[in-house]
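Student: Single-letter residue listing:
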Amino acid sequence: AQSVTQLDSQVPVFEEAPVELRCNYSSSVSVYLFWYVQYPNQGLQLLLKYLSGSTLVKGINGFEAEFNKSQTSFHLRKPSVHISDTAEYFCAVSEYGGAQKLVFGQGTRLTINP
Amino acid sequence: EAGVVQSPRYKIIEKKQPVAFWCNPISGHNTLYWYLQNLGQGPELLIRYENEEAVDDSQLPKDRFSAERLKGVDSTLKIQPAELGDSAVYLCASSPDQRGGDTQYFGPGTRLTVL
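Chains as they are written, first to last, in this note's numbering: chain F, 1 to 114; chain S, 1001 to 1115.
Heads up, a few of these hints could be off.
Below 27 Å or equal to it, Euclidean Cα-Cα: the simulated DSS-like pairs (lysine-lysine) are [claimed, not checked]: (1) Lys49/F <-> Lys101/F; (2) Lys1062/S <-> Lys1011/S; (3) Lys101/F <-> Lys1078/S; (4) Lys1062/S <-> Lys101/F; (5) Lys101/F <-> Lys58/F; (6) Lys101/F <-> Lys1071/S; (7) Lys1062/S <-> Lys1016/S; (8) Lys49/F <-> Lys69/F.
Hints were generated in silico from the structure; no laboratory data involved. From a predicted model like this one, the values you see are computed outputs, not experimental measurements.
Please construct the entire structure, taking both the sequences and the accompanying hints into account.
Tutor: The following block contains the structure:
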């Protein structure tokens, strides 16, 4: 079974500052990794995913994430945030080669202050 | 391309009453998921369909929850009777297939309040 821990429940940053949202996972098998974003009163939208290959993954809206197998981490980063990035961010895993069963972390609320 | 459609968006009911949620997935998507999202938590899978077959319903509380996906397209999730602890957001998602790396596309959810 897999589990996901998002290390920060809330992250406040100022506009145009860099941000990192941390995600660690636990699994006895290889995994696929995902970051989803949820804007208020909306469903989840995929930001990026790691399936295989290069450990640095680029996604939409200027976000990127790096897969670190030795540290079982998949941290999300953006070099300069905007007010519109205010949302809830979820890290998720699914079993490599298995059926699409996502296990989500608890979420990190990113708040951008002007 | 239309996204995943869910209705209603909001529902308020008294405890012990029945309630149903409807989901229409993206056209051509064979796999459909129902998730429960409690306040301040990540979504948790309730049931996964491959076409009309429920292939994973291990997390569905079967004493009060039921789901169906007739003809392998849209789906209904029902709770009968509802309890106070069922207050949450119910999310529907779909994906082209059930391969592990497929992207899941989520609907806006139904926010249920049980009084």
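Student: Is the Cα-Cα distance between Lys1062/S and Lys101/F 27 Å or less?
Tutor: Holds: Lys1062/S and Lys101/F sit about 19 Å apart, inside 27 Å.
Student: Lys49/F and Lys101/F were given as a pair; does the straight-line alpha-carbon distance stay at or below 27 Å?
Tutor: Between Lys49/F and Lys101/F the Cα gap is close to 14 Å, so the pair holds against 27 Å.
Student: Holds or violated: Lys101/F with Lys1078/S, Cα cutoff 27 Å?
Tutor: holds, 22 Å
Student: Is Lys1062/S within 27 Å of Lys1016/S, Cα to Cα?
Tutor: holds, 16 Å
Student: Given the hint that Lys101/F pairs with Lys58/F, does the C-alpha gap stay at or below 27 Å?
Tutor: Holds, because 23 Å separates the two Cα atoms, which is no more than 27 Å.
Student: Hinted pair, alpha-carbon criterion (27 Å max): Lys1062/S, Lys1011/S. Please report holds or violated.
Tutor: Holds, at roughly 21 Å.
Student: Would you check the hint for Lys49/F and Lys69/F, treating anything up to 27 Å between C-alpha atoms as holding?
Tutor: Holds, at roughly 15 Å.
Student: Next pair to validate is Lys101/F with Lys1071/S; report whether the Cα-Cα distance is within 27 Å.
Tutor: Between Lys101/F and Lys1071/S the Cα gap is close to 22 Å, so the pair holds against 27 Å.
Consistency with the previously given hints is maintained throughout, with no hint failing.
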